[in-house]
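Participant: Chains as they are written, first to last, in our numbering: chain A, 74 to 413; chain B, 74 to 413.
Just so you know, these hints were derived from the structure itself, not from any lab. Careful, some of the hints might be misleading.
Which copy? The list can't say, so a pair holds if one copy fits it or any two copies do.
In silico lysine-lysine, DSBU-like type, Cα no more than 35 angstroms apart, as pairs [to be verified]: (1) K130 - K388; (2) K214 - K79; (3) K214 - K107; (4) K105 - K131; (5) K83 - K214.
As the structure is a prediction and not an experimental result, all values here were calculated from the model.
Protein chains: 2
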Amino acid sequence: MSATIKDVAKLAGVSVSTVSLVLNNKPRVSEKTKRKVLRAAEMLNYYPNLMARSLVKKRTNTLGLIIPHTANYVFSFPYFVEIIRGISNTVRSFGYRLMVSTTYAENQKQSSYLQIAREHLIDGFILLDIKLRDERIIELKREQFPFVLVGKDPWAKGISYVDPDDVGGALRAMRHLINLGHERIAFLNGPLDYMVSFDRMKGYRIALAEARLNYDPQLVRHGDFVQESGYQKMREILNSSVDFTAVFAASDLMAMGAMKAIKEKGLRIPEDIAVVGFDDIPGAAFTDPPLTTVRQPIYDIGALAAKILIEILEKKRFKEEHIIMPTELIIRRSCGFKRD
Amino acid sequence: MSATIKDVAKLAGVSVSTVSLVLNNKPRVSEKTKRKVLRAAEMLNYYPNLMARSLVKKRTNTLGLIIPHTANYVFSFPYFVEIIRGISNTVRSFGYRLMVSTTYAENQKQSSYLQIAREHLIDGFILLDIKLRDERIIELKREQFPFVLVGKDPWAKGISYVDPDDVGGALRAMRHLINLGHERIAFLNGPLDYMVSFDRMKGYRIALAEARLNYDPQLVRHGDFVQESGYQKMREILNSSVDFTAVFAASDLMAMGAMKAIKEKGLRIPEDIAVVGFDDIPGAAFTDPPLTTVRQPIYDIGALAAKILIEILEKKRFKEEHIIMPTELIIRRSCGFKRD
DNA sequence: TTGAAAGCGATACCAA
DNA sequence: TTGGTATCGCTTTCAA
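Start from the sequences and build out the full structure, keeping to the hints where you can.
Facilitator: Encoded structure:
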C-alpha cells in the first residue's frame, strides 16, 4: 500500500503534525525540518489521501458538472465538449477536480446529482443546458447548495451565471441578412422552454423593428437545436405557401438540417435562400456552402463559470455575477452578396 | 450542517453500529429496529458522508475518465460525447460516480490523472483515445493502478479493452466501394501513432487483395481525424496526378473535409468521386449528399468499458477481456450506384 | 518550532 | 440481534 503521513513522520523523525504543517506550507517550521520532511515524502512517494483530508476539512475541492441526459440535444452539441474543456482546464488550474453527473438515475429514486451533493462528494455545481424554471435550480436552491449556471435564469436572484450575448448575436445575424437586402426572413428558433430562445427571438424582433419589417409568425418555428428538427421545421415552412428569401437558425446544427431541406426542394443556397446559423461549431466551415454564423466563446464561457464558482466557494466573491460574453458574426458563404 | 450517523443513532435510540448495519442492508437486524432507524434517517434527511466511508473502505466507488486534451481531435469528435454518455449512465447504474480528468496539468509538475489516482480519489481509470505505446498505459501499469481501454493496445498484456471492429468496418466500407465498381480508391487514414489507423489500413488492404487490386501508396494519406485534415489531404491527392474514383475516410469528419475539397475542384459526389466515412456521427445524414459510412456502437462501447472496469474492481472478473464490437455499414447517397 | 491528542464520519470486529 | 470501540489518514487546537 502507499505511504501515509505516519510513514513520512517516522522516516523524517518528526511528528505527524509537523509533516502536515510542512506539506501544507504553513509557516513556523524551520528550514531544516522542512527539508527533512520533504525528502522523506519524496522517498516514500507520498501523496496525501484526499478522502481523509476532505473529511476533516469538510471540503473536497471537487466541482460537479450536471449534464441532463434527457435533453439529447446537449450531447449532439459539438460545443458541449468545448465547454467541458474550458471547465476542466480551469478547475484543474485552481487545484480542483471535476465530477460529472447526469440528472436522472434510472433505477434509483434520487436524482443522482442531488445524491452526490448530499453525500459530500463535491463542493459546488456547474449547470449546463438551463431551462426556464429549471428544476435543478429549484432543488439546489432549496438545499442551499452552491452552484453557477452556464446559461441564464431571469428569475433566479442570488445566482451567478455566464452566458453568451444571445440577443446581440441574433441581432447581428439578422442585421447582416437585412443589409444584404432580405426582407422575409424565416426563423428556426430553439425550444420554447429555454431562455436562450427568448433572447434570440428578441434579437430577431429588434432587428425586424429596426428595419421596419413586419414580424410574421408564419415564418417562425421552434425546433430542438439538432439537425433533424431544423430539417423538419424548414420543410414545414417550405411546404407552406409563405415566401421568404433567408433563414436564421438558432443553432448551426439546425442550419444544417435546414440546408438539407432547402436543397431537397431544388433551391440553391445562397442564391435562392440565404442561411445563417448560431454557434460556429467546427463543422460550420465545412457545410456546402460554408455557413455564415454567430460565434460564441464557448471555451471561455465554461472557464469563467468554473472560476466564478471556485471564487464563491473560497469566499473570495460574495455578490452574484451575471456575465454576458460577446458574440461575433463569422461571415462565410451561405448568405451570398447583396440582393438587388 | 447535515445529520451524521450519530444523530440518527441518537434519534432512533440505538448505537451507531446498528445504524450502519441497517443502512448497509446487512442481515441480522430485527425488523423493528430497522424501521426505527430508517424512520430516523428519513426524518433527519440523513445521507452518509462518502468521504468517511471511503476512508475506511479504501474504495471510493468513483471511476476516472482520462481525456487527453492535447489530442484536440477528441474534442471535435461528436462521438466523444456519446461515449461519455455510455460510461456515465453505466457507472451510475452500478452506484459509481465519474470523475473526468485531463492528461496535462498546466502549471503543475504532475500529470493530473496520476495525481488523482495517488490521492485515492478514484478506484480505476477508463482511457480514451489510445495511442501506440500510450504513456498513460505505461504509467498506470507501473503504478499498478486498475484501468481499461476504449481502444486497443496490442502490446499491453493483462489489460482489458473494448474497441470497435476497425478491420471489419474498413473491410465492409471497401467492399461496398469495390462492389460498386471502384478500382482506384483513395484512403484518408488517421494518424500513424494510433492502432486504429493500422487496423483500418489492414481492412483497406485486405479488401484490395480480395479484389486483386493493387495497393498504391500514392492514394493514401494520414490525417488527424478532423475536417481540416480531410480537406487538406484530399486536396493533396486531387492536386497530384493520380487518378481515383472513390475515397474512404477513416472518420466522418475527414470525409466531410474531403467532400469540401472535391466540390471545390468542381467534381460531383458520387458521380465523379464516391465517398465513404467512418463513425456515423449525427451529422453524417446531413452532409450533401448524405454520407455512407461505417457505424460503430459508440454508446455501448463506453458502457461496456465501464462495466468491465467495475467488475474488475469488484473482483468479479479476473482475466483480461478483449472485446471487439461489431460495426455496420450505413448506406446513404455518397457512393451512388454501380459503375459500368 | 514541534508534538500529543482530539476529532472528522463512517465501518467492522469482537463482546455481550 | 445489538453495542462498544478501534481504526481509516489527515488537520487542528493546545501545550510544551
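Participant: Could you run down the list of hints and mark each one as holding or not?
Facilitator: Verification of the hints:
1. Taking the shortest alpha-carbon separations for K130 and K388, both the intra-copy value of 15 angstroms and the inter-copy value of 32 angstroms come in at or below 35 angstroms.
2. When the C-alpha separation of K214 and K79 is checked against a cutoff of 35 angstroms, the pair qualifies only between copies, where the shortest distance is 26 angstroms, while the shortest distance within a copy is 41 angstroms.
3. Within a single copy, K214 and K107 get their C-alpha atoms only as close as 44 angstroms, which misses the 35 angstroms cut-off; across copies the closest is 32 angstroms, which meets it.
4. Both within a single protomer and between protomers do K105 and K131 lie at most 35 angstroms apart by alpha-carbon distance, with minima of 31 angstroms and 34 angstroms respectively.
5. Taking the shortest alpha-carbon separations for K83 and K214, only the inter-copy value of 29 angstroms comes in at or below 35 angstroms, while the best intra-copy value is 47 angstroms.
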